[in-house]
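Visitor: Spelled out, the chains give:
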Amino acid sequence: MEDKKIRVIVAKPGLDGHDRGAKVVARALRDAGMEVIYTGLRQTPEQIVATAIQEDADAIGLSILSGAHEHYFREVIRLLKERGADDIIVFGGGVIPDDDVPILKEMGVKAVFGPGTPTSEIIEWLQSAVQERRSRERV
Amino acid sequence: MFKEEELKKISETRLKYEEEVKKVTQKYPERKGTFSTCGGISVERLYTPENIKDLDYLEDLNFPGEYPYTRGVQPTMYRGRFWTMRQYAGYASAEESNERYKYLLQQGQTGLSVAFDLPTQIGYDSDHPMAQGEVGKVGVAIDSLEDMETLFDGIPLDKVSTSMTINAPASILLAMYIAVGEKQNVPIDKLSGTIQNDILKEYIARGTYIFPPKPSMRLITDIFEFCSKHVPKWNTISISGYHIREAGSTAVQEVAFTLADGIAYVEAAVKKGLDPNVFGRRLSFFFNSHNDFLEEIAKFRAARRLWAKIMKERFGVTHPDAQKLRFHTQTAGSTLTAQQPENNIIRVTIQALAAVLGGTQSLHTNSFDEALALPSEDSVRIALRTQQIIAYESGVTNTIDPLAGSYYLEWLTDEIERRAQEYISKIDEMGGMLVAIERGYVQQQIQDSAYAYQRAIEKGEQIVVGVNKFQIEEEGKSRKILRVDPSVAEKQIARLKALKERRDNVKVGDVLEEIRKAARDESQNLMPKILEAVKAYATLGEICNVLREEFGEYKESIIL
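Residue numbers (full-length UniProt numbering), protein chains in the order written: chain A, 1 to 139; chain B, 1 to 560.
So that you can see chain A by itself, here it is in the shape it has in the complex (with noise of 0.2 Å):
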């Protein structure tokens, strides 16, 4: 099954509304092959979570441009560990200071991808964590 499409869930959650970086990202996954579920603005965690595991999606990955962040992740992750469901990948990018990177990976965020990233280094980024997680599951 090594062919299998990997799913993503691009969100925006809360209530920032800046979404040209999320569609862009989205749009550049699924030109890789990818199969991407955009949420639209103003998701609640619950909401993306839910949508994560109904979607059997290998990975989330959060915009973040309003400061909230921390709270965001937080909350996601905490709920994907209620749900038995923390094997999904998450990652993000937004304006994420530097300083607040080692908290984010520290909660169990896998990647955070500041502006300016290339969209090819999180295509290629998200391909080897997903291949990485099902060799896992596999064994």
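Incorrect hints may appear among the rest.
[What the hints assert, rightly or not] Once the Cα atoms are required to be at most 25 Å apart in a straight line, the calculated SDA-like pairs of lysine to any residue come out as:
#1 K555(B) <-> V24(A)
#2 K459(B) <-> I122(A)
#3 K459(B) <-> S135(A)
#4 K271(B) <-> G316(B)
#5 K469(B) <-> V24(A)
#6 K229(B) <-> R520(B)
#7 K459(B) <-> V24(A)
#8 K32(B) <-> S449(B)
#9 K110(A) <-> K555(B)
#10 K459(B) <-> S120(A)
#11 K105(A) <-> T337(B)
Read the hints as simulated data drawn from the structure, not as lab findings.
Values in this document were obtained by computation on a predicted structure and should not be read as measured data.
Got chain A sorted already, so can you dock chain B onto it with the hints?
Guide: Same frame as chain A, now just chain B:
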């Protein structure tokens, strides 16, 4: 502008020049096969009188302050007074924002611009579950008149003009501002400022909508009507291309979609029976100033000329002030890089200069650290100094519209106007901007441009200095950045709770009921009811909840 004979001579001489070019390029090819503006308009090697041979000075440019206002909306422009230097600011609590405003005024800023946090912009009080994690983050949290009183404490509202970036709940924040003015004994007709109040671009690009389009348009036209009568110096709307551009549009799309939004508002107000010669004078605009220096200058001039024509020819407006496109500009946030952030100071300078050469009425210059976090006090000061250096040192303010007559600039001004007009005609054919938005046409156009721009960067066709060229190692640099104290939310919620215990809750119930009744009756203007409600300390969330119950909520159509 040029004599037939002269043009002929120029044409002939051009052929010689082109032969010369051919020789040179055979030996030394040009850097690229084709050149184009940031927005994708093809650019020739050289522009000459031939490119603008049909330009009619009086008809197409005319004098500053004269139709079609291509050269500026005032007869003296910056020789009379500089543009208003207006930095968008606000964070955390009303007290902290109040301090930042006083600091900015002390530093020579000439107008205020209030940033509200997202819960305020979307009509939630700070204690609402959806507000969690967002209180005080991207702006100041305002729940009731009490917060607004603190926000403007010690700032005389008859001495400053205040711009408020507020859209869906614009009437509520305007009402609060009027109420604060009353408490300071400033008569309502002496208040001056702007509310953004532009819901269409929220659906298209910015995302802080609450209600569906129809009742939203009613709230907007209610404000037009109320302010025409009572707050004559208030700009009732700031029709915004800024966010459309930030979402990834081209310069042409920015002009086209912004003016198409403007057309929709004028049509709605006319339908309500309002006179465009009156409310038209208080319409204002808000544009982006992006990287392509000359394209941006041409864009501002083209927008001014096109809007004047729309108001005159389409709506039969005769009052000159209602034909004039007055605008605020902000430099392009999306061009700021997190890499080598100091480079952003130079980007902002070029963009700000374009806005000034394009004849802006007010300007916000971005801080260089905004791709990293909320701007710090130091970076905000540099941003303001950038404007002051342009104003006082660069010399560009000595004469009006100094680039007029440039073959390239005039050609490009025409070209942008022509292409924007094509979009507007297409939107007209669809049935107007509301339909175009509903169908996702506008959003799709913008997204396609955004994606194309990103592809161009990744292919190296578009260079971003410090990002895909001239990179350096910058690991582990800890910067001094502004952080919002996490206790802000708790304090704000406690203050809200105390207010709700202290105020006359029976009265609050009554005024909210009045709003409900007015919401159901389209012949009533909602503004006076909202003003009564804020004076009784009904909260923003309470008022919006009543309107949500009556109007429903907008659901985004997801386009990818």
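Visitor: It remains to establish, for every hint, whether it holds in the given structure.
Guide: Cross-check of the supplied hints:
Under the criterion of a C-alpha separation no larger than 25 Å, the hint pairing K555(B) with V24(A) is consistent with the structure, at around 21 Å. Our distance criterion of 25 Å between C-alpha atoms is met by K459(B) and I122(A), whose separation comes to about 15 Å. Proposed proximity of K459(B) and S135(A) is contradicted: the alpha carbons are some 33 Å apart, above 25 Å. Between K271(B) and G316(B) the CA atoms are separated by roughly 14 Å; this keeps the pair inside 25 Å, and the hint holds.
Of the supplied pair hints, the one linking K469(B) and V24(A) holds, its CA atoms being roughly 21 Å apart against a limit of 25 Å. In summary, the hint linking K229(B) to R520(B) is supported, as the alpha carbons are separated by about 23 Å, within the 25 Å threshold. Between K459(B) and V24(A) the alpha-carbon distance is near 15 Å, which keeps this suggested pair within the 25 Å criterion. Note on K32(B) and S449(B): the hinted pairing holds, with a Cα-Cα distance of about 21 Å set against a maximum of 25 Å.
Distance restraint check for K110(A) and K555(B): the Cα-Cα separation of roughly 32 Å exceeds the 25 Å cut-off, and the hinted pair is therefore not satisfied. With a C-alpha separation of about 10 Å, the suggested pairing of K459(B) with S120(A) holds against the 25 Å cut-off. Distance hint between K105(A) and T337(B) is fulfilled; the C-alpha atoms sit about 23 Å from each other, no more than 25 Å.
Consistency with the previously given hints fails for numbers 3 and 9, ordered from lowest to highest.
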